[in-house]
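Colleague: Listed below, chain by chain, are the residues.
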Amino acid sequence: MKRYIIRRFLFGIVVVWIVSVMIFLATRIGPDPAFMIASPGADEAELNAIRDRFGMNEPLPVQYFIFITKALQADFGESIYYGLPVAEILWQRLPASLLLVGTAKFISLGFGILAGMLAARRRGSFTSNLLRWFSFLGLSMPNFWIAMLFILIFSVTLQVLPTGGYGTFWHLLMPAFSLGWYFSAGYTRLTESSLLQVLNTEYIKLCRVKGLSELSVVGKHALKNALIPVVTLAGMNIVLMVSGAVAVEMVFAWPGLGLLMYHGAVYRDFNVVQAVILFISVMMVFINLAVDILYAYLDPRIRYD
Amino acid sequence: MGAGFIVWLKDIWRRVPKGAVIIILLLIATAVFADFMALHDPEIGDPRQRLLPPVWGAGGQWSYLLGTDTMGRDVLSRLIYGSRISLLVAFSAVIIAGCIGTVLGVIAGFFGGWVDQVIMRFTDAWLSIPTVMFGVLMAVILGPGVWNIVIILGGTFWSRYARVVRGQTLSIKSRDFVQLARIAGCGKFWIIRKHILPNVFDSVITLSSLQIGIVIVVEASLTFLGVGVPPPKPAWGLMLSEGRGGLLAGYWWLVIFPGVAIALLVTSFNVIGDWLRRYLDPFYRNIE
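The listed protein sequences correspond, in order, to chains F and H. According to the working numbering, the first sequence holds residues 1 to 305 in order. According to the working numbering, the second sequence holds residues 306 to 593 in order.
No lab work stands behind these hints, which were simulated from the structure alone. Honestly, I wouldn't trust all of these hints.
Stated by the list, open to error - So the derived list for chain H, only partly shown, Cβ under 7 Å to chain F, looks like this: (1) 368; (2) 430; (3) 433; (4) 435; (5) 437; (6) 442; (7) 498; (8) 522; (9) 552; (10) 555; (11) 557; (12) 560; (13) 564; (14) 571; (15) 578.
Remember, it's a predicted structure, so these values are computed and weren't measured experimentally. By construction, the Cβ of each residue, glycine as well, lies at the ideal position given by its N, Cα and C atoms.
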């Protein structure tokens with residue numbers, strides 16, 4: 001077990017290292033960012049001064065070495081556009097992202113589990129079919145389109161919700177729903193199939209024989225076990241949500257990591273872009289690691305090799 | 306061959322989700338015959354006919370069935386030509402991703418050892434990179450253009466194939482017929498070509514049909530964000546981003562129709578993918 005954890009951890013580090021090299025190289029193969037920062041018509045001396053300031057005159061391996069040693073100390077350099085340390089901006093934007101993703105997660109999980117339970121218990125009934133189609137629909141609509149539909153309905157026609165911005169509960173509703181809808185389909189399907197599996201086991205039959213009420217059998221005994229894969233998927237989806245939020249954040253001017261990264265890319269503020277993508281990738285690697293280890297811990301049948 | 310093929314076709318037709326298949330075929334036909342179907346030029350508008358509502362709205366005209374945009378371009382014609390871009394990007398990106406992923410997955414699974422380790426760590430790295438964000442970054446670096454988007458999406462989406470194909474290869478490799486082929490003295494590449502590749506093909510097709518919807522949505526997202534297909538091309542994502550400006554003024558038709566087109570295409574692919582997964586999976590096949 002210990003060996004397995006150490007091994008997985010080392011794998012995680014290797015993956016993070018590959019990601020960092022990739023992102024670093026991606027931002028260096030493009031057009032010279034110095035042109036973007038310099039005033040139009042700047043001469044070579046001016047461009048060189050800018051390159052010097054951001055360390056772009058060193059050979060690539062040296063640049064990477066400096067980048068990675070600093071990144072390990074949570075120092076991602078200075079933002080070219082904002083003129084602030086990138087780490088500081090990142091921390092400023094993180095709460096908004098977490099709030100949005102947290103709410104979207106809550107909505108999609110709540111809906112998915114409910115719809116999945118209904119689908120498993122009352123197969124083919126009108127309500128369960130309706131809920132299933134509703135969640136399936138979320139898979140096919142780009143989240144930024146859902147966002148614009150919401151604006152059209154709730155801001156333009158009904159005039160009950162603000163079109164964008166950040167601050168109150170009302171600002172949160174439309175972004176969270178447009179982001180969460182897509183993910184509800186996965187939870188619905190997984191809850192349904194895993195609940196159906198659990199309901200076929202011996203211990204559930206025993207519960208029934210004991211004469212427990214249907215609500216207690218399904219809601220208490222079966223659901224507990226059936227939700228393990230659902231919660232795992234939810235954990236692994238967090239990162240997908242953060243990165244999928246780029247367009248939603250843009251539509252609603254929501255000041256999260258997605259918008260930060262998007263502006264960074266458009267303004268060639270590559271220090272910011274590097275930091276956001278690296279931050280999210282590292283999160284992803286460690287969430288996966290945690291899930292793997294948790295599974296190995298919970299299920300002794302998993303082979304440690 | 307001819308008669309057998311027709312029987313096979315009839316048999317398949319009985320089983321497929323017909324609505325989804327018909328929608329996909331219609332959209333492919335639209336893309337192919339766009340020149341004959343569109344009434345107007347998709348990129349050059351008529352400045353006298355700006356912001357006309359759909360035909361049933363006040364002031365709508367029959368020759369502009371779904372209205373016009375801020376530059377007087379016919380929404381329906383743009384939608385028709387847009388299907389070309391969406392389908393072209395989606396199919397090419399999935400084919401590229403499928404090829405890269407299958408090759409790497411087979412190599413990793415078949416040869417094992419350090420080759421497997423290196424390939425799988427790269428796959429893990431690609432899987433943990435946020436797709437949309439990395440797409441935005443690469444699109445900014447490579448510049449706007451349809452083929453750049455294809456390259457970016459193909460170069461991002463291969464990782465899932467590699468993972469799945471490697472797993473399949475591992476399980477096929479340990480089966481008796483491969484072991485026997487080995488004992489019979491068949492070469493490695495012969496085994497890969499004759500035994501492994503045909504057997505992973507089903508999973509690659511299933512995965513593709515499920516991936517293609519995601520690829521279409523990501524392409525639309527990148528284009529919507531202004532880093533994908535450049536204007537004045539009639540890409541659906543671009544139509545949505547142009548329509549966003551008129552949202553608060555109530556020009557709903559600029560936002561509704563392109564989105565419906567995307568949703569229709571993606572739903573159809575998802576339904577077919579779902580069906581394929583059950584049809585090609587031997588476990589489900591026996592039940593149905």
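Colleague: Min Cβ distance, residue 435(H) to chain F: is it shorter than 7 Å?
Modeller: 3 Å, holds
Colleague: Can residue 437(H) be said to touch chain F, with a Cβ gap under 7 Å?
Modeller: 5 Å, holds
Colleague: Quick one, is the residue 442(H) hint okay against chain F at 7 Å, beta carbons?
Modeller: Because about 5 Å separates residue 442(H) from the closest Cβ in chain F, which is inside the 7 Å limit, the hint holds.
Colleague: Under 7 Å is the threshold here; is the Cβ of residue 557(H) close enough to any Cβ of chain F for the hint to stand?
Modeller: This interface hint holds because 6 Å falls under the 7 Å limit.
Colleague: Does residue 571(H) pass the interface check with chain F, least Cβ-Cβ distance below 7 Å?
Modeller: 4 Å, holds
Colleague: Closer than 7 Å between Cβ atoms is the bar; does residue 552(H) clear it against chain F? Give me holds or violated.
Modeller: It holds, given that the least Cβ distance between residue 552(H) and chain F is near 6 Å, below 7 Å.
Colleague: Residue 430(H) was flagged as interface toward chain F. Is the shortest Cβ-Cβ separation under 7 Å?
Modeller: 4 Å, holds
Colleague: Was the hint right that residue 522(H) lines chain F, CB cutoff 7 Å?
Modeller: 5 Å, holds
Colleague: Hold the hint about residue 433(H) up to the distance rule: shortest CB distance to chain F must be less than 7 Å.
Modeller: 4 Å, holds
Colleague: Quick check on residue 555(H) please, does its C-beta sit within 7 Å of some C-beta on chain F?
Modeller: 6 Å, holds
Colleague: Once the shortest beta carbon distance from residue 498(H) to chain F is found, is it less than 7 Å?
Modeller: Because about 30 Å separates residue 498(H) from the closest Cβ in chain F, which is outside the 7 Å limit, the hint is violated.
Colleague: Under 7 Å, Cβ to Cβ, is where residue 564(H) needs to be relative to chain F, so tell me if that hint holds or is violated.
Modeller: With Cβ-Cβ at 4 Å, under 7 Å, it holds.
When the structure is compared with the earlier hints, violations turn up for hints 1, 7, 15 and for no others.
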